[in-house]
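Participant: For the record, in the sequence shown the residue sitting at position 89 is 89 according to our numbering, with numbers rising by one throughout.
Treat the hints with care, as some may be off.
Unchecked claim - Estimated spans, in silico, between C-beta atoms of each pair: (1) E29 <-> A64: 28 to 38 Å; (2) D78 <-> Q4: 35 to 45 Å; (3) I2 <-> D78: 39 to 49 Å.
Calculated directly from the structure, the hints in this document are not laboratory data. In this text, a Cβ means the ideal position worked out from N, Cα and C, and glycines have one as well.
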Amino acid sequence: MIVQLREWDGSKYLETSEDIALYLAACFEEDGSDAAFIARVLDDISRSAGLRHVATEAGIDADALATALVRNGLPNFDAMLTLVNALGLQFRIEPTAA
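Construct the complete structure from the given sequences, taking the supplied hints into account.
Facilitator: And the structure:
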């Protein structure tokens, strides 16, 4: 029996702001110190929300946002904040478990 696997695309499952918030929170909890991983997560989010729409809401150029999100495989923090704010989300900082 041959099992066919497909690459998982998180953007297809992010339908609401709550989905996006929970996905982002879970990914930060899983490995928030890996910038490349968070860059892929932000790419999923931007594709699910429609990058051009998000950029328009944020008042910035979509191509500039896409480039800033993943420059050299790492997200630009200013672009991350812009994307999160445009999606109506916020970062929350909590102490790590000891």
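Participant: With reference to the structure, classify each hint as holding or not holding.
Facilitator: Status of each hint after checking the structure:
1. E29 <-> A64: 28 to 38 Å: This hint holds: roughly 30 Å between Cβ atoms.
2. D78 <-> Q4: 35 to 45 Å: holds, 41 Å
3. I2 <-> D78: 39 to 49 Å: Holds - the Cβ-Cβ distance for I2 and D78, about 46 Å, lies within 39 to 49 Å.
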